[in-house]
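K.L.:
Spelled out from the first residue to the last, the chains are:
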Amino acid sequence: MDLRRPNRPVIGPKVRQVGFVTPDSAAATSSSSIPAVSAAAATSAGSPPSSLSPVMIPPPRHPSTEMSNPHFHPVGSYNPSEQILGSPPALSPSRSSRFDADGSDFGGDDDESVALSGVGGGMTPKSSLLMRQPVTKTAPLVSETRKRDSNASKGKGEGPSAAPKEKLTKAERRATQEAQRAAKAAAKEAAAAGGAPSVSKQPKPATKPATQQKKDIPSGSGPLQPLAPSGSIEKKQGKKEVAAPHPRMQFDDMTKVGKLKKRAVVNQSEARNRVELFRHLPQYEHGTQLPDLESKFFQLDLIHPSVYQVGLQFLSDKISGGNARCIAMLLAFKEVIQDYTTPPEKTLTRDLGAKVGSCVSFLIECRPLSVSMGNAIRFLKNRISSLPHNLSDKEAKSRLQSDIDRFINEKIIIASKAIVEHGVSKIRDGDVLLTYGSPSVVESIFAYAHGIKKNFRVVVVDSRPKHEGQGLLRRLVERGIHCTYTHLNAVSYVMHEVTRVFLGASSVLSNGTVYSRVGTACVAMVAHAFRVPVLVCCEAYKFHERVQLDSICSNELGDPDAISKVSGRKDLNYLDGWAQNENIQLLNLKYDATPSDYVSVLVTEQGMLPPTSVPVIIREYGIERLWT
Amino acid sequence: MWWRSASFIRDRQNQNPNPKPSSLLHSALDDSPSSPTSTSMAALNPNPNPISAYYQTRAEHHAVVTSDWLAQSADAAAGDVAASSGAASGGSKGEGGGVGVIEEFNYWRKKPDLAEAVAAVMALGAVIRSSEATTMNELDIELKKASNNLKSWDTTSISLSAACDLFIRYVTRTSALEYEDFDAAKRRLIERAEKFGEISLKARKTIAMLSQDFISDGCTILVHGYSRVVLEVLKMAASNKKLFHVLCTEGRPDRTGLRFSKELAALGIPVKLLIDSAVAYAMDEVDMVYVGADGVVESGGIINMMGTYQVALVAHSMNKPVYVAAESYKFARLYPLDQKDLEPALRPIEFGVPIPSGVEVETSARDYTPPQYLTLLFTDLGVLTPSVVSDELIQLYV
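Protein chains in written order, with the UniProt record's numbering: chain A, 1 to 628; chain B, 1 to 398.
Keep in mind that a hint or two might mislead.
[Unchecked claim] One-sided and incomplete, this derived list gives chain A residues near chain B with beta-carbon spacing under 7 Å:
#, residue
1, V275
2, L277
3, A529
4, P533
5, S596
6, S600
7, V601
8, M608
9, T612
If you are wondering where the hints come from, they were derived from the structure by calculation, not from laboratory data. The C-beta atom is built at its ideal place from N, Cα and C for all residues, glycine as well.
Using the sequences and the hints, build the whole thing.
P.N.:
Structure, rendered in structure tokens:
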């Protein structure tokens, strides 16, 4: 294998399997097409058919893969004999039955997620690993690359395309697996010895001795040593990764998921029977982790209680809606800053940033961040890092707190007021306005328009399972607004009488795509077909420079049980016990992407803009430009 | 040019009981399409709606005077002097900075080849120059007042209010306002005002230069409405010895197309006149559509003479490019969502026969063409796609 390796391109042609392939055949193809890459690794990493999606979206190129592949492939770490000797150790999260929360659904946008996983929970999965096991680290990496390779050859791309390799015998495979298991157990022990296992940020010195124990593992460390001879370099490497943009977490990447799980506080359990196309997104069984977390309340000393509270509220859906979540998070951070004291021999700018980061990663574990929250975090980190060094703790803290207040005030509260004023100017007497879900800004537009005696009627379109529209309906009716309530199914029926469609948005991306509650795209498309103008109301702090073409690449999965049960209908029990049936897959998507063609105008605090102008707003008035 | 104003014609009518509008206008422009029957039409076509002053001015420039306007200017002269009618009453109204600006504006406005918006820019420039304010703040207030005066003079004109806003943005968005020395700051403002005026004056030439690349030998161009910018473009193309053919719509109700075709014919450009309803029929042989604009709105769409939307729709469905020639001072911070989402600008329509009683007449003078039907906008800022309009506006305003 050593001999064969170098001839191969380091980054092989991207193999992308498109279309639906049944899990079995996928497994079959994977095992047959890459007989040897490291069948053992493959089995341990993700060969169980259900764990690998046949439709893979090649992950964005990012340093961690690009760095590791070129580094390790030529060195010849793929020696099967080495494998058998029982290297692949500790980290191999192998196939974890439970996935961890991270869900950087949106949280994964570049800098932010760097901040999140990097500064925050310690580091990116990989780097944290590096830190923990400085000496034997090469071995894990080997196995990791191996696994990645196997993944790649299965259809993801990155790695060298599968070339026939000598097959491992069953015994060999078993040996490897056992070795891995042993190593894993050792690692666990080590971790337990080192500190609280559940806490993401482990004290480095404590873990170091533990890792020393495993020095004897032969593994592929030999050939690798020239590359990474000392811990310092490894650390540097880790840092580099921290600094580099982190891709959105792909939850079908077993190694990453496994690593994530290690750091996780919230033990989210993976839901079964996930839909193939959405395997890269985290999906959890809801409702199980709440008591667990509550019991942990007194152990998690690293997480500030207010953050903990907000996290639990996110988890239990007590707080929902982009603005509400963002404000709750910022207020929690304000308390964190209030209670913060700089530890000795540390600087506030760095340590506080890390602290906020760890809070953020906790929040991500509870529920993926929205773009608005990501932007707010980015803003806060920006403010923290741009604090002058000679500032006293007290001054710095009060400055940050007032910054947060200003952000909430100017970017959210005043902005929505400005949007209301702009939006009302488009309501004429006699209009029939349609809205979907329960967007808070739209609600205040209607309320304001009603307050200034405009004569209009509202059609509230709602959908299962959340029925948020009912709350909106109730509040509007209480104000005396004439309303019609209907479900999404009937939207094409009511659309012909509608004169304006007002929609909210979770975020607006720089190609004008509106990312919003699932169903919004449907409403917008129907409105477009009926030539009804669609107004999307969105504060400018929710704009994001990313481009998204569909709602598959990044999205959030809700509780599948929510759509399998119909409240108040005990007789509709056809889906009971669906999780036991492998042939049923339930998909409860939370967001969708509306192409900009269907959006007539974006109503923001900067005025009414065509969706094509989002990049201009981002460029001119982005979060980065705020008060700099 | 003052003799073309409605109030002047009204005065002459009063002196001469048997007027012939065309003869009155003869000295100014000889092609006046307004017929002697127009006075009798006034009785038959009662139009109680206020008439858009913007279109009145334009029609005066084009020597199209309708009886309704005469009647309206008579009302204005007889009634409230502050009414937003025409030249005669303009001078006596307003207070503070208002007096000067309206006079100045009217002075400039009467130059036929000068757009109303440029006249406003010139008038505002004059306000700064003649201001007796001693502090920057005072000057600012005075300027705002003058601009509001101008805007209220005609609320239907998009380019007028857009130009006023842009002028104020452009002129006052400068560090000059922080100067210690008021005189220096004022000088700086005047400088900027003059620059803006100069840019506005030169805009048409710039646009004509920019659009030359788009006119190739042997092409057929469809033109709708009388746009001085488009005329300039075609003029320059003709003087560059380009060979092209122009189809000109009639441009009801004021038959702007007739006048436009006449000017083109005088330049030796082969031109064919179509009735407005023949656009789809003729679109086959057309290579590109050129239109002007009354205003360019934030979506990148345009507001222009009635019929532009349908011309653009037809062109779009036949995959012909639609080019808009518009000066940048017409960029307005408006965002119409549909046709009715505009300040109504009404104009009388003469059908030549009495309108049956109980029949309503749609008198809107303009329509809104959404950006998806436009290919490119030729402006003095460059050749822009419709979406860039908003970018420019954002950079200027927000």
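K.L.:
Holds or violated: the hint that A:S600 contacts chain B, with Cβ atoms closer than 7 Å.
P.N.:
At about 6 Å, which falls below the 7 Å cut-off, the nearest Cβ of chain B leaves the hint on A:S600 intact, so it holds.
K.L.:
Does A:V275 meet its interface restraint, that is, does its C-beta lie within less than 7 Å of any C-beta in chain B?
P.N.:
Given a least distance of 35 Å, the restraint on A:V275 is violated.
K.L.:
Closer than 7 Å between Cβ atoms is the bar; does A:V601 clear it against chain B? Give me holds or violated.
P.N.:
6 Å, holds
K.L.:
So, as I understand it, the hint says A:L277 touches chain B; can you test that by seeing if any CB pair is closer than 7 Å?
P.N.:
32 Å, violated
K.L.:
Once the shortest beta carbon distance from A:T612 to chain B is found, is it less than 7 Å?
P.N.:
4 Å, holds
K.L.:
The hint names A:A529 as touching chain B; please verify it with the least Cβ-Cβ distance against 7 Å.
P.N.:
15 Å, violated
K.L.:
So, A:P533 near chain B? Judge it on the closest CB pair being under 7 Å.
P.N.:
4 Å, holds
K.L.:
A closest beta-carbon separation below 7 Å is what the hint needs, so does A:M608 meet it against chain B?
P.N.:
The hint holds - A:M608 has a Cβ within 7 Å of chain B, the shortest such distance being about 4 Å.
K.L.:
Given A:S596 as an interface hint, is its Cβ closer than 7 Å to any Cβ of chain B?
P.N.:
10 Å, violated
Consistency note: the structure conflicts with the earlier hints numbered 1, 2, 3, 5.
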